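Participant: Chain residues, written in single-letter form:
Number of protein chains: 2
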Amino acid sequence: MSSPGLVVALSGGIGGAKLVLGLSRVLPPEDLLVVANTGDDFEHLGLSISPDIDTVAYTLSGLANPELGWGRRDETWSFMETLGALGGETWFRLGDRDLALHVERTRRLRAGDSLTAITADVCARLGIACRVVPMSDDPVRTRVRSETGWIDFQDYFVRQQCAPVVRELAFAGAEAARPQPALMAALSDPRLAAVVICPSNPFISVEPILAIPGVRAALLACAAPVIGVSPIIGGRAVKGPTAKMLAELGLEVSAASVAWRYGDLLDGYIVDHADADAPAQGPRVFAAETLMTTLADREALARAVLDAAATLRE
Amino acid sequence: MSSPGLVVALSGGIGGAKLVLGLSRVLPPEDLLVVANTGDDFEHLGLSISPDIDTVAYTLSGLANPELGWGRRDETWSFMETLGALGGETWFRLGDRDLALHVERTRRLRAGDSLTAITADVCARLGIACRVVPMSDDPVRTRVRSETGWIDFQDYFVRQQCAPVVRELAFAGAEAARPQPALMAALSDPRLAAVVICPSNPFISVEPILAIPGVRAALLACAAPVIGVSPIIGGRAVKGPTAKMLAELGLEVSAASVAWRYGDLLDGYIVDHADADAPAQGPRVFAAETLMTTLADREALARAVLDAAATLRE
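Protein chains in written order, with the numbering used here: chain F, 15 to 328; chain P, 15 to 328.
Certain hints may be false.
Said to hold, decoys possible - According to the in silico footprint, chain P covers these stretches of chain F (three or more CB under 8 angstroms from chain P): (1) 88–94; (2) 97–105; (3) 133–147; (4) 209–220.
No lab work stands behind these hints, which were simulated from the structure alone.
As the structure is a computational prediction, the values presented were derived from the model and not from experiment.
Glycine is no exception: its CB is placed at the ideal position from the N, C-alpha and C atoms.
All chains should be built: construct the whole structure from the sequences, respecting the hints.
Facilitator: In structure tokens, the structure reads:
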């Protein structure tokens with residue numbers, strides 16, 4: 015497949031990373047810019063942890079742990095086991111190898127390096143050829159309001175395993191955050207062929223990116239089609255709390271509901287064949303096989319997204 | 015053996031920890047206070063590392079690595095291996111389990127806890143019954159002047175493996191450091207039976223403790239005998255750069271030379287049978303088997319030290 019031009023992918027963790035891997039296998043590396051959500055980032059045990067960047071990087075480098083769905087394959091757990099024995103906090107599990115990335119990132123951030131520069135170096139070390147960038151070098155922290163008040167995202171997501179009922183979300187720091195320069199440059203690049211909103215959770219993976227001043231306007235203004243991929247298949251989320259959150263926020267649990275949430279941002283929307291009775295209004299809908307089980311599935315969905323973009327560019 | 019009363023041991027790392035283990039096996043736990051050197055402490059990879067405290071704690075808890083002479087037994091190295099692959103610094107080797115202690119200590123220090131409180135909690139978690147305290151809660155950092163200028167201690171000790179010729183030592187922060195309150199209380203305790211200066215390197219393990227304002231005077235003033243144990247056996251150091259440093263600082267490489275260095279601080283001095291042709295003047299000399307190979311050796315030397323103290327108290 016010849017390259018259609020520059021493709022920007024906005025991604026959260028697992029689901030987004032799967033499509034990003036597919037895109038990386040059908041595009042020349044210089045034509046793929048992956049923008050990772052950093053709203054999940056947090057400081058834990060004195061370490062700066064960037065879960066979505068890391069999931070994308072581990073997935074692209076073939077290091078992702080297929081059983082856990084997070085962290086690295088061939089991991090060891092001596093650190094966590096010993097930390098527990100010392101009375102430390104163990105609710106956020108960090109493998110020994112994964113830890114090296116957090117320690118090195120934390121050290122470099124303290125030394126004044128940007129998250130963008132650190133991410134680029136880590137990706138180069140892991141042999142990743144395409145560009146992976148954080149949505150911003152400024153801290154943005156997703157917060158969740160449940161019935162008992164506001165809590166930090168990882169408290170909700172990992173410690174409480176998404177049990178609290180979500181009433182509202184906020185992205186602390188977003189209003190003052192500067193958007194990733196590489197993203198803004200790409201959105202006005204004449205070679206831009208498509209922006210892909212990966213099948214990630216809209217509320218906690220994509221909307222933190224959209225909350226950064228200038229990003230939504232640049233997406234609306236960009237000449238290339240913006241294509242969303244539904245994270246909902248047959249009324250269910252493949253993984254994570256997307257369906258639960260839709261319901262708790264008073265929205266229908268459907269692929270159409272996610273498109274409605276993105277509003278006029280989308281030019282095209284990829285839904286699963288199971289959801290092809292899609293919204294009559296709004297973006298142009300394309301049906302595809304969206305469940306990504308195998309590597310071939312990831313590549314096929316990536317091609318379907320690029321085909322949809324090509325159709326919309328015609 | 016009935017307890018002679020309270021015993022204070024001033025210790026550095028390996029050699030000191032061996033005698034401390036012996037003392038812990040012949041004294042009731044409430045009668046042993048171990049004061050560890052923190053001049054070797056340093057900040058590395060964003061972590062606060064206290065090598066001598068940890069060597070003492072790992073030795074007392076039976077967790078010490080007998081092959082390496084530092085760190086923990088049953089260690090894994092995934093973190094270090096991965097850090098190297100990411101381009102991080104690997105000259106100071108940190109095992110995955112050992113790392114848990116550094117991360118937890120660093121987190122608690124940042125949260126405002128004292129090194130004394132953290133050390134007490136760690137020791138309790140490791141099942142250590144006697145008290146282990148840092149020489150001070152204030153940072154003291156040993157610096158080494160070689161022919162190329164001043165360098166940090168761990169740079170000299172680990173990175174350059176003691177290769178530089180030592181011209182001078184300094185203990186940055188010592189003049190402003192407050193001595194460990196438990197040490198000062200013990201030195202004026204009427205139950206004090208002995209102060210043991212363990213067979214550690216005088217220049218880098220013991221003198222940092224003595225450099226803290228008030229400590230040397232309190233040792234000179236205390237009613238109980240102060241007993242040194244020679245780290246030199248037959249003109250050689252058992253481990254580490256003690257002999258090399260003695261020579262580089264223009265001193266004779268001998269057990270007597272170390273006693274001379276401590277000056278009027280010592281009431282008694284334990285030398286190996288091989289060095290029984292000890293100094294004619296200065297402290298009273300006792301000969302013993304000072305090479306601690308087995309656990310029985312450690313206990314026997316501990317008993318010899320306590321016997322010497324008892325003789326001096328008569």
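Participant: For every hint, state whether the structure bears it out.
Facilitator: A quick look at each hint next to the structure:
1. Counting residues of the stretch 88–94 of chain F whose beta-carbon sits less than 8 angstroms from any beta-carbon of chain P gives 5, enough to reach three: the coverage restraint holds.
2. Counting residues of the stretch 97–105 of chain F whose beta carbon lies closer than 8 angstroms to any beta carbon of chain P gives 5, which reaches the threshold of three, so the coverage claim holds.
3. Here's how the stretch 133–147 of chain F fares: 3 of its residues keep a CB closer than 8 angstroms to some CB of chain P, so the rule of at least three is met and the hint holds.
4. Three residues within the 8 angstroms Cβ limit are the bar, and the stretch 209–220 of chain F against chain P gives 0, so the coverage statement is violated.
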